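K.L.:
The residues making up each chain are set out below.
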Amino acid sequence: MKCVAGIDVGSTYTKSVVFNPAGDIIGKAMLSTGFRLGEAARKACDKAMEDAEIGQEDVGYVISTGYGRHQVDFGDVTVTALTAAARGAHWLFPETRTVLDIGGQTMKATKLDENIKVKSFRLNDKCAAGTGAFLEKTARYMSYETEEIGDLAASSNEEVDISGVCAVFAESEVINQLSIGSAPSDIMHGAMLSLMARSLQLMRRIKMEPEYTLIGGIMRFPTMVESLTEKLGDGVNVPEGDLVQYVGAIGAATLAMQRIEKLRAQ
Amino acid sequence: MMRLPVTTAQPEVPDTAIDGWVKQFSASDPRLSEMVGVFQSMGKEIKLERECGDNLLFEECKACMESHPSGVWSIWTRDSPEGNSGNES
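Sequence order for the protein chains is L and Z.
When we follow my numbering, the leftmost residue of the first sequence carries the number 1, and every step to the right adds one.
When we follow my numbering, the leftmost residue of the second sequence carries the number 1, and every step to the right adds one.
So here's chain Z without its partners, still in its complex pose (with noise of 0.2 Å):
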């Protein structure tokens, strides 16, 4: 039978920071577009890295992930050093 990604449980997911920079989520065009521009809204310095998928337990996962067109990209951002000044509006 085929091995399915299921936990016995949902785990806490914490934030994922390096030096500042917070790991928020991962996603592709249009909406990557969408969510870099309300962060840069926000005040936010932005890092986009793409999504290999090395870290999915499941082949079926990168193959899903590698399908899209222009990548899968995660998402971080850091409060600019002129500080946080910005809200979406």
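One chain only, chain L, in its complex shape (with noise of 0.2 Å):
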């Protein structure tokens, strides 16, 4: 049997992973999805397989998910983000009811059933406030880098209270606390716990049940994971590592895995 690969052209990130024909991950891959989606899944995928040390003749099945998953020419399927975070989550953890997905332009809570199915979900409300890009923005406001938003937080000694979440306005809100004097490392905390409060939100409105499942970009960020860990209690899940980026690049591959075996057994 042959490999198979997962795509999840993200807004921000494009990711793959490559499974062998055990589901075990071989190889993965993530770059910036830039303005040409459909090349930047191509790319992901190519790096995934050479991660994995095959050829594009070593892969059987391709399924692509995510905002720019109908630009890409070369996958079999499609299948939407919600879907795929569900099979990614429950491949990585099993007990995963409640599936809460912070990238760098959604929010989204999904509630999962026994059977993996999508129960019920929320997303954020179309506007810029509550995402990933709102972090983003206030950093590069205090002259900071993306990566260094995690570090900045962590490093944060005194409550700043920020309760916005738009990213339009955070230029503004970044000017009115220095203004007064806070320091860029507790703007930062502010701002992260100010998304986190807005991520609860979201999930109690879907009647969130645990085992609870973090993913997305943002949960790179300790600060982050530990706010919402000690908000949800225990059942709390979060995927080692970069791992946390790939979940719908992985649930995508779970799926293929599924398809390749059904064709074969045909």
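Treat the hints with care, as some may be off.
When the alpha-carbon atoms are kept at most 25 Å apart in a straight line, the in silico PhoX-like pairs for lysine-lysine are as follows [said to hold, decoys possible]: (1) L:K43 with L:K2; (2) L:K119 with Z:K47; (3) L:K119 with L:K231; (4) L:K119 with Z:K23; (5) L:K47 with L:K2; (6) L:K111 with L:K231; (7) L:K207 with L:K111; (8) L:K117 with L:K207; (9) Z:K23 with Z:K47; (10) L:K111 with Z:K23; (11) Z:K47 with L:K111; (12) L:K262 with L:K117; (13) L:K117 with Z:K23; (14) Z:K47 with L:K117; (15) Z:K47 with Z:K62; (16) L:K2 with L:K262; (17) Z:K62 with L:K137; (18) L:K207 with L:K119; (19) Z:K23 with L:K207; (20) L:K207 with L:K231; (21) L:K207 with Z:K47; (22) Z:K62 with Z:K23.
Everything labelled a hint here was simulated from the structure, so no lab data went into it.
Everything numeric in this text was worked out from a predicted model, so none of it was measured.
Given two chains presented individually in distinct reference frames, assemble the corresponding complex, making use of the accompanying hints.
P.N.:
Spelled out as structure tokens, the structure:
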């Protein structure tokens, strides 16, 4: 049997994973999506295959997901980001009942049943508020890079109340806080807590149940994970390392495994 | 100084329900079409309502909303009279 690939074309990053026939991750890659979504998908998939030390001829099935999935012209099937995240979360943590996914442009809370079906879900309302873009812009206005957000928030010493999560207004909020003497680390920490409060609202609206699996680029930041874990209590799962960003691609790959097995059986 | 959309607390937002219709969230295309498809696959009836931004606190929010070429729409759902058989899978 051949390998399979899952590709998640997100609004900020494109991720790809390759599974071997035994269902193990043997390669993965992530790069900025940019404006050419199909090209980003091709490159991410090629890099994942390179990481797995295999060629295109070794891949028997490809499933794409995410915001740009319809631009993937070499995929066999597409699935929604909700389905892919649900499958990926279940593959990593089989007892998952609620998935919280905070990415660059969306925040999604999804409730699953025991058969990994989506029972209910909520997205952030359409505006720039409540997503990773808010944290990125807050950091940028203080002359920090995205990669520095985690360490910056973790070095906070004092609580700063930042209740808005609008990326458009982030600059004004930052200027306000700096003018009253707040430290950048405290502002970043406050921004993260504000985002966390918004995500909890979303989870309550779908009547969240444990176990909770936290995914998406924002979960790279320990402060975010720690504060969410503190609020949610027991039953919080977070994929290790950068896998937190690959859950959609993993879900797509698990579905590709199922499809290729079904095709083989026919 | 510019007025900020900041509140001192994060209020709980209750579900808005009228005649069984529940307001889910607002979105614009392409996400709007995708989410409508997901709700349909879950066996929900869908109603879309254009967001005019009149209930927003800040003029800047309204301008931001109006900047979307195809508009921002609120998604309302109701359990289908035939029964909610579906789940997104």
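K.L.:
For each hint, tell me whether it holds in the structure or not.
P.N.:
How the hints compare with the structure:
1. L:K43 with L:K2: Distance of about 20 Å is within 25 Å: holds.
2. L:K119 with Z:K47: Given pair K119 (chain L), K47 (chain Z) holds - Cα atoms ~19 Å apart, limit 25 Å.
3. L:K119 with L:K231: 23 Å, holds
4. L:K119 with Z:K23: 16 Å, holds
5. L:K47 with L:K2: 18 Å, holds
6. L:K111 with L:K231: Holds. K111 (chain L) to K231 (chain L) sits at ~18 Å (cutoff 25 Å).
7. L:K207 with L:K111: Given pair K207 (chain L), K111 (chain L) holds - Cα atoms ~8 Å apart, limit 25 Å.
8. L:K117 with L:K207: 15 Å, holds
9. Z:K23 with Z:K47: Holds, at about 9 Å.
10. L:K111 with Z:K23: 17 Å, holds
11. Z:K47 with L:K111: Holds: K47 (chain Z) and K111 (chain L) sit about 22 Å apart, inside 25 Å.
12. L:K262 with L:K117: 19 Å, holds
13. L:K117 with Z:K23: Holds, because 22 Å separates the two Cα atoms, which is no more than 25 Å.
14. Z:K47 with L:K117: 23 Å, holds
15. Z:K47 with Z:K62: 22 Å, holds
16. L:K2 with L:K262: 13 Å, holds
17. Z:K62 with L:K137: 20 Å, holds
18. L:K207 with L:K119: Distance of about 10 Å is within 25 Å: holds.
19. Z:K23 with L:K207: Roughly 15 Å between the alpha carbons, so the hint for K23 (chain Z) and K207 (chain L) holds.
20. L:K207 with L:K231: 15 Å, holds
21. L:K207 with Z:K47: Holds, at about 23 Å.
22. Z:K62 with Z:K23: 19 Å, holds
The earlier numbered hints are all upheld by this structure, with none contradicted.
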